[in-house]
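Modelling step: build the complete structure from the supplied sequences, incorporating the hints.
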Amino acid sequence: LTMHIGVGFAEVALLQVGGLLGRWEFCLAGKALDQISIAEPLAASGETVFSPEAIELAGEHFEFELLEACDAGENAGGGGGGAGVGHESPGSPNIPISPSSSGSPNHTPYSSSSCSGGFGKLLGPSRGNVRNSLSTAAASTAPIPKTLAWWPAEGAEPLMNVSAKLIKRFIPTSVGICLASAVDMNSVDYPEEMRRVSVVFLSIRGLDPADEGQEESGPGAGDARVSGGMMSQLLMRLFQRSVYALEGSVNKFLVDDKGVLLLIVFGLPPLIHLSDDPIRATLCAMRLTDTLADEQLEGRVGVATGMCWCGVVGNKSRREYTVLGDVVNLSARLMGKAPVNGVLVDAPTREAARR
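Take 20 as the starting number for the sequence shown in the numbering used here and just add one per residue.
Rather than coming from a laboratory, the hints here were simulated on the basis of the structure.
Some hints here could point you the wrong way.
[Said to hold, decoys possible] Here are the simulated BS3-like cross-link-like pairs (lysine-lysine), alpha carbons at most 25 angstroms apart as the crow flies:
#, residue 1, residue 2
1, Lys271, Lys184
2, Lys140, Lys50
3, Lys187, Lys271
4, Lys187, Lys335
5, Lys184, Lys140
6, Lys271, Lys50
7, Lys335, Lys184
8, Lys271, Lys356
So, in structure tokens, the structure goes:
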């Protein structure tokens, strides 16, 4: 396997959105993601590209080859070593969409002109004594992150302090049941299976969750613009209503180099409908586009049905329940080709909806 990496450095906003039926989603947004939306497509397979801000931070310890020219609009689609080369995941589908498409009116995303600031390819450690400098930095008095108090730090310690309410907020029901029934953290039997599901991928244009929306407009200066965070919360609540009414599952709500994305899956345990999951997914997709149109936003939706792997990935420090497979990537590509506020489905979904 090969991969390519983009690195950015800036302040970010960490949001918790949703809340319907006690379910919440994390969302990370900010200018650092705008930076990697250019840096990552510029990296060929096996390379790492840093943004100017990241180079300024790490330039003392590493050497970089500054890129003479870059065109974010051309590279963001993954051509010529762009996104999706050698590694496709449900969180990073190869979608031809400009990194500036998720910007809000008050948000100034990176463009091709900003590349002249010095995006650079990582060559390796500097010729100086990088080991000593890193050791000095490691010996600083900076606080060391600790494991959350409600989760055992290490070893086979009991899970008595795990809050069931806290688990339910962020973890799928099937995984929560496994955690609640486990004696210790080493004996958790996480669900892993091949399952036929219907996947809904939604992209939103014109939304920046990190936008604070502090500016006011209008003659009386009383028409304050809604912040991106508040709009993200409003949309997530509306999306949850549409998804949960049809008994689907929200798997991801994130901001990456492709914009604001929402991944919804129908057919995950314990909600299984077998024959009509494609119909539910299509109806949900239509509701999502109607919601975006009502809020004067633009979106595209792709729906695909098929077999995929469903399970938990990660290590002892962090795990997440996800879906992996060609059907996920297909739904992402259909989303990229769908018309504005339209839905594009694959053949199995169409045939199931015709019955």
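Evaluated hints:
1. Lys271 x Lys184: holds (20 angstroms)
2. Lys140 x Lys50: Cα-Cα ~20 angstroms, so holds.
3. Lys187 x Lys271: Given pair lysine 187, lysine 271 holds - Cα atoms ~15 angstroms apart, limit 25 angstroms.
4. Lys187 x Lys335: Measuring from Cα to Cα gives roughly 19 angstroms; hence the hint holds.
5. Lys184 x Lys140: violated (45 angstroms)
6. Lys271 x Lys50: holds (20 angstroms)
7. Lys335 x Lys184: OK: lysine 335 and lysine 184 at ~21 angstroms, within 25 angstroms.
8. Lys271 x Lys356: holds (21 angstroms)
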